[in-house]
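S.K.: With these hints in hand, go ahead and build the complete structure from the sequences.
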Amino acid sequence: MAFKELRFGHLTNGSGRDSRDWDRDDRRRDDDYSEEEATGRKSGNDSGKIKLPEEGTAERAQGKSGSGRLYNEGGRKELDSYRKKYEDSLNNGARARDDGRMEQANPFDEYDDGFDEQDEHEDLRDEGEHWAHSSDSEVVSGGAGDEIGRWSDAGGVRKGALSNSNVKAFGEVSSNVGRQSQMEGGDGVGGAGRESSSGSGKKVELKRKPKHHKSSRSSCEMKFLDSTALLVEPLENKKFSRFSLQYVEIEERPSGTEDWEPRFAGHQSPREREHSYYAHDQKINCGFIKGPPGLRNTGFDLAEDDIKYMSSCHIAVSSCIFGNSDHLRTPYLKTISRQSRKNVCFIMFVDEITLQTLLSEGQKMDSTGSIGLWKIVVVHNLPYPDMRRVGKIPKFLTHRLFPSARYSIWLDSKLRLQNDPFLILEYFLWRRGYEYAISNHYDRHCVWEEVAQNKKLNKYNHTVIDQQFEFYQSDGLKQFDPSDPNKLLPSYVPEGSFIVRAHTPMSNLFSCLWFNEVDHWTPRDQLSFAYTYLKLRRKNPDKNFHLNMFKDCERRSIAKLFRHRAEDRRNISIQ
Numbered sequence: 001m002a003f004k005e006l007r008f009g010h011l012t013n014g015s016g017r018d019s020r021d022w023d024r025d026d027r028r029r030d031d032d033y034s035e036e037e038a039t040g041r042k043s044g045n046d047s048g049k050i051k052l053p054e055e056g057t058a059e060r061a062q063g064k065s066g067s068g069r070l071y072n073e074g075g076r077k078e079l080d081s082y083r084k085k086y087e088d089s090l091n092n093g094a095r096a097r098d099d100g101r102m103e104q105a106n107p108f109d110e111y112d113d114g115f116d117e118q119d120e121h122e123d124l125r126d127e128g129e130h131w132a133h134s135s136d137s138e139v140v141s142g143g144a145g146d147e148i149g150r151w152s153d154a155g156g157v158r159k160g161a162l163s164n165s166n167v168k169a170f171g172e173v174s175s176n177v178g179r180q181s182q183m184e185g186g187d188g189v190g191g192a193g194r195e196s197s198s199g200s201g202k203k204v205e206l207k208r209k210p211k212h213h214k215s216s217r218s219s220c221e222m223k224f225l226d227s228t229a230l231l232v233e234p235l236e237n238k239k240f241s242r243f244s245l246q247y248v249e250i251e252e253r254p255s256g257t258e259d260w261e262p263r264f265a266g267h268q269s270p271r272e273r274e275h276s277y278y279a280h281d282q283k284i285n286c287g288f289i290k291g292p293p294g295l296r297n298t299g300f301d302l303a304e305d306d307i308k309y310m311s312s313c314h315i316a317v318s319s320c321i322f323g324n325s326d327h328l329r330t331p332y333l334k335t336i337s338r339q340s341r342k343n344v345c346f347i348m349f350v351d352e353i354t355l356q357t358l359l360s361e362g363q364k365m366d367s368t369g370s371i372g373l374w375k376i377v378v379v380h381n382l383p384y385p386d387m388r389r390v391g392k393i394p395k396f397l398t399h400r401l402f403p404s405a406r407y408s409i410w411l412d413s414k415l416r417l418q419n420d421p422f423l424i425l426e427y428f429l430w431r432r433g434y435e436y437a438i439s440n441h442y443d444r445h446c447v448w449e450e451v452a453q454n455k456k457l458n459k460y461n462h463t464v465i466d467q468q469f470e471f472y473q474s475d476g477l478k479q480f481d482p483s484d485p486n487k488l489l490p491s492y493v494p495e496g497s498f499i500v501r502a503h504t505p506m507s508n509l510f511s512c513l514w515f516n517e518v519d520h521w522t523p524r525d526q527l528s529f530a531y532t533y534l535k536l537r538r539k540n541p542d543k544n545f546h547l548n549m550f551k552d553c554e555r556r557s558i559a560k561l562f563r564h565r566a567e568d569r570r571n572i573s574i575q
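Position one of the sequence shown corresponds to residue 1 (the UniProt record's numbering), numbered consecutively onward.
Source of the hints: derived by calculation from the structure; they are not laboratory data. Being a predicted model, the structure only gives us computed values, none of them experimental. Honestly, I wouldn't trust all of these hints.
As the list claims (entries may be wrong) - The following label-pair restraints were derived from C-beta to C-beta distances:
hint, residue 1, residue 2, range
1, S255, N486, 43 to 53 Å
2, K364, D281, 46 to 56 Å
3, I307, S244, 42 to 52 Å
4, K283, T257, 36 to 46 Å
5, S483, R296, 24 to 34 Å
6, Q473, E272, 15 to 25 Å
7, P293, L235, 40 to 50 Å
Ideal Cβ placement from N, Cα and C applies to all residues, glycine included.
M.R.: Structure, rendered in structure tokens:
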């Protein structure tokens with residue numbers, strides 16, 4: 001029986017300490033992952049193109065990782081032969097479309113999965129370049145007078161609005177970002193030079209670091225609109241389920257309990273948890289629950305000015321950095337339209353320790369409390385000692401933090417936004433009438449696999465994972481069957497770092513339920529996603545939840561992945 005084979009880890013000495021301290025990207029430890037091999041698809045546009053080795057091959061071939069073989073990617077001779085072909089092509093003028101130089105991956109980069117590593121100060125440099133040369137944008141051309149419109153039809157895209165060219169992962173958008181090259185013997189590759197914009201053909205004199213070649217296996221065909229100028233917001237979709245959802249604000253102390261303590265997520269009985277899955281008019285636990293007067297505050301305290309500002313947001317792009325875990329990644333401003341800069345709130349939630357670190361590193365807030373596009377919102381009195389669990393609050397409860405917003409985009413702090421928010425909303429939600437969008441996992445699709453991997457990498461206490469998994473199975477969770485023609489999802493395991501949603505009742509209910517599962521069990525939200533979604537659908541057969549689980553390669557085309565801050569710069573727990 002498969003379940004019994006996963007029952008390992010009981011009676012171990014593992015503890016429930018901060019799970020982010022254990023987190024490492026699975027691709028650094030899984031065997032020879034390739035997205036094309038995992039999905040059984042290969043790119044059909046490789047003919048006649050010069051193929052480069054995947055980044056980091058040289059480092060791994062030399063065994064510089066200090067921890068043995070990471071990937072089986074060939075040896076030095078193969079790397080040299082590819083490099084020679086590439087250099088010859090440059091000398092002959094046969095430069096590939098995605099022009100750039102190769103970089104050896106940092107062997108200690110825990111998120112090395114085919115993405116480039118950037119210098120931590122590059123975001124501010126790119127931001128300055130954008131404001132100086134914003135007219136060179138090759139993807140978004142929204143004018144200064146762009147306003148949010150309204151539709152009278154459900155289609156939402158004007159005739160001729162779709163681009164005829166394919167947007168590929170790390171293609172036209174991200175290939176314009178300057179990055180540092182670390183080729184052997186390349187002492188002069190990081191110097192200043194002239195570079196022409198591929199969109200306008202104009203030469204711009206900038207001191208920029210050379211670009212890197214992007215791995216072809218990350219390519220994913222996407223057809224964004226050419227411009228936000230042709231885009232208007234759709235009317236409310238009538239196919240979305242309608243019901244009233246209210247939230248518990250204050251929880252009273254039960255009679256006869258002396259050691260009762262108020263909790264941010266409240267105290268739910270098994271009956272209340274079961275009842276909350278029904279999509280009808282109800283009042284449920286969804287975080288931000290206070291105790292009776294005289295008891296301690298439950299946390300996640302915000303300044304009144306920040307609360308007022310967030311209450312005015314119509315569309316929100318948000319992220320968070322808690323426990324000093326990441327650098328601040330400014331969205332790639334060259335692709336952000338004036339319409340988005342005017343109408344979208346960009347909010348970065350941080351704790352006090354993270355803010356102090358950002359300021360000590362030279363980041364400066366302007367008069368509005370912003371660093372670049374990000375408005376910095378400081379969170380006081382964090383509700384959990386585990387920073388990963390604290391991060392689930394702004395990740396899942398955006399509809400609570402932005403009560404007037406109709407749409408929101410969430411990205412983990414390890415990601416940098418590479419595309420315009422309006423184009424993202426149109427592509428993932430408006431075009432096909434979805435109310436929630438999240439990408440599938442790049443490799444695993446069954447919760448059984450995810451449980452095994454979490455325990456293999458010690459991502460959380462094994463006993464707690466077992467208890468959660470046992471309960472989910474007893475409540476009807478089945479193994480994912482890719483051959484099932486009636487499956488409700490293309491995968492039971494999400495990637496989870498990028499979420500696009502409309503703040504509809506069904507989307508808000510799902511977000512509350514998912515947060516409650518994370519609060520009740522482990523902060524490993526990939527374990528609870530399928531259970532939450534499938535149970536919500538099972539309890540409400542007459543009310544559909546329009547969820548778009550899109551390809552992970554699409555996520556990679558719109559959000560660039562970075563490694564976390566070095567361990568010695570983090571503050572793992574709250575003092």
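S.K.: Run through the hints listed earlier and report the numbers of any the structure violates, in increasing order.
M.R.: 3, 4, 5
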